[in-house]
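> Sequence:
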Amino acid sequence: MKIVILDGYTANPGDLSWDGLKEYGELIVYPRTKKEDVVSRAKDAEIVLTNKVVLDAEVLTQLPKLKYIGVLATGYNVVDIKKAKELGILVTNIPAYSTDSVAQATFALILNMTNRVAHYANKNRLGRWSDNDDFCYWDTPLRELAGKTLGIVGLGSIGWKVAHLALDFGMDVFAYTSKNAADLPDGIQKTTLEGLFSVSDILTLHCPLTEETYELINKNTLAKMKDGTILINTGRGPLVNEADVAEALQTGKLLYYGADVMCQEPPSKDNPLLKQKNAFITPHIAWATEEARTRLIDTCVENVKSFVEGQPINVVNR
196 MKIVILDGYT ANPGDLSWDG LKEYGELIVY PRTKKEDVVS RAKDAEIVLT
246 NKVVLDAEVL TQLPKLKYIG VLATGYNVVD IKKAKELGIL VTNIPAYSTD
296 SVAQATFALI LNMTNRVAHY ANKNRLGRWS DNDDFCYWDT PLRELAGKTL
346 GIVGLGSIGW KVAHLALDFG MDVFAYTSKN AADLPDGIQK TTLEGLFSVS
396 DILTLHCPLT EETYELINKN TLAKMKDGTI LINTGRGPLV NEADVAEALQ
446 TGKLLYYGAD VMCQEPPSKD NPLLKQKNAF ITPHIAWATE EARTRLIDTC
496 VENVKSFVEG QPINVVNR
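If you use the working numbering, the sequence shown closes out at 513, no skipped numbers anywhere.
Among these hints, one or two may not hold up.
In silico EDC-like cross-links for lysine to aspartate or glutamate, where the CA-CA straight-line distance does not exceed 20 Å [to be verified]: (1) Lys217 to Glu231; (2) Lys260 to Glu504; (3) Lys260 to Glu241; (4) Lys262 to Glu221; (5) Lys229 to Asp439; (6) Lys421 to Asp439; (7) Lys197 to Asp493; (8) Lys448 to Glu504; (9) Lys500 to Glu218; (10) Lys414 to Asp396; (11) Lys318 to Asp328; (12) Lys278 to Asp251; (13) Lys448 to Asp396.
Just the calculated beta-carbon pair ranges, DEER-fashion [what the hints assert, rightly or not]: (14) Tyr409 to Lys260: 13 to 21 Å; (15) Asn272 to Pro467: 24 to 32 Å; (16) Lys419 to Gly215: 46 to 54 Å; (17) Lys414 to Gln459: 14 to 22 Å; (18) Gly423 to Lys464: 26 to 34 Å; (19) Thr477 to Asp326: 45 to 53 Å.
Hints were generated in silico from the structure; no laboratory data involved. Note that the structure is predicted; figures quoted are calculated from it, not measured. Where a beta carbon is used, it is the ideal one built from N, C-alpha and C, also for glycine.
With the sequences and hints as input, model every part of the structure.
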């Protein structure tokens with residue numbers, strides 16, 4: 196059996212190993228694959244693994260040997276699931292491998308904004324503290340999380356983890372979720388989306404990207420928020436209208452915007468958010484801790500093993 200990884204570099208730039216897959220077939224790992232090379236690289240493979248390389252209907256119909264696609268991520272929108280099922284191609288994903296890492300990154304963004312650690316560390320490298328008349332100084336607002344309201348859109352595994360971390364900080368937690376209010380633990384209050392916008396000091400997005408959630412945050416919904424709200428997006432870039440968010444930062448409607456995702460990745464150099472001093476953007480790395488990537492590869496191997504043995508797991512297109 197031939198196994199092809201189309202874009203292995205981001206999950207494993209060389210510090211981990213794909214060797215666990217070699218037990219199940221001939222393994223070829225490409226660091227990256229351009230759109231025009233997908234068919235030629237995958238045409239003889241029974242198993243194809245992809246992270247961000249798109250396998251649409253046009254591509255799938257040109258891969259007659261293909262029996263299994265393993266998506267190296269939780270989201271699987273890079274594969275035409277309907278066409279894959281029609282062609283008898285099984286598709287799996289890697290669920291919940293990055294929950295702890297993304298929740299941690301969410302609070303890394305929040306804490307950077309409330310405590311401005313990077314700001315002060317950079318200033319002190321330039322001698323600001325050494326030249327100070329007093330034993331301390333601050334030139335930004337410093338905020339305490341205890342007693343603030345965190346609004347969460349989506350209580351999947353990551354949103355759930357973020358909610359519990361917020362409770363440990365002493366925050367009041369409100370959530371917009373499909374879960375029943377009676378099933379939520381003490382301290383997490385279910386509310387409407389408009390209610391969430393109106394009460395949140397910090398609003399964080401942990402919902403999937405769907406037709407309903409596309410540009411959920413836009414000029415109209417921003418207007419319903421408190422002045423000076425902090426907005427966090429570690430979900431998907433298109434959950435927000437980036438031009439509207441940039442404008443809200445300029446007017447002060449939003450105090451800060453922290454994101455690990457953008458509508459276009461990598462973003463264009465003229466993206467308005469990159470020029471906003473109160474926007475803090477990380478390069479889609481919330482998932483990329485060594486521990487999370489190790490879990491991803493381990494689960495990938497287990498998915499392939501289970502498929503080869505005829506008892507597939509983590510299937511998304513049964």
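> Against this structure, judge whether each hint is valid.
Now for the hints, and whether the structure bears them out:
no.: 1; hint: Lys217 to Glu231; verdict: violated (27 Å)
no.: 2; hint: Lys260 to Glu504; verdict: holds (18 Å)
no.: 3; hint: Lys260 to Glu241; verdict: holds (5 Å)
no.: 4; hint: Lys262 to Glu221; verdict: holds (15 Å)
no.: 5; hint: Lys229 to Asp439; verdict: violated (32 Å)
no.: 6; hint: Lys421 to Asp439; verdict: holds (16 Å)
no.: 7; hint: Lys197 to Asp493; verdict: holds (19 Å)
no.: 8; hint: Lys448 to Glu504; verdict: violated (55 Å)
no.: 9; hint: Lys500 to Glu218; verdict: holds (9 Å)
no.: 10; hint: Lys414 to Asp396; verdict: holds (18 Å)
no.: 11; hint: Lys318 to Asp328; verdict: holds (15 Å)
no.: 12; hint: Lys278 to Asp251; verdict: holds (8 Å)
no.: 13; hint: Lys448 to Asp396; verdict: holds (12 Å)
no.: 14; hint: Tyr409 to Lys260: 13 to 21 Å; verdict: violated (35 Å)
no.: 15; hint: Asn272 to Pro467: 24 to 32 Å; verdict: holds (25 Å)
no.: 16; hint: Lys419 to Gly215: 46 to 54 Å; verdict: holds (49 Å)
no.: 17; hint: Lys414 to Gln459: 14 to 22 Å; verdict: holds (20 Å)
no.: 18; hint: Gly423 to Lys464: 26 to 34 Å; verdict: holds (29 Å)
no.: 19; hint: Thr477 to Asp326: 45 to 53 Å; verdict: violated (31 Å)
The structure fails hints 1, 5, 8, 14 and 19 (numbered hints given earlier, in ascending order).
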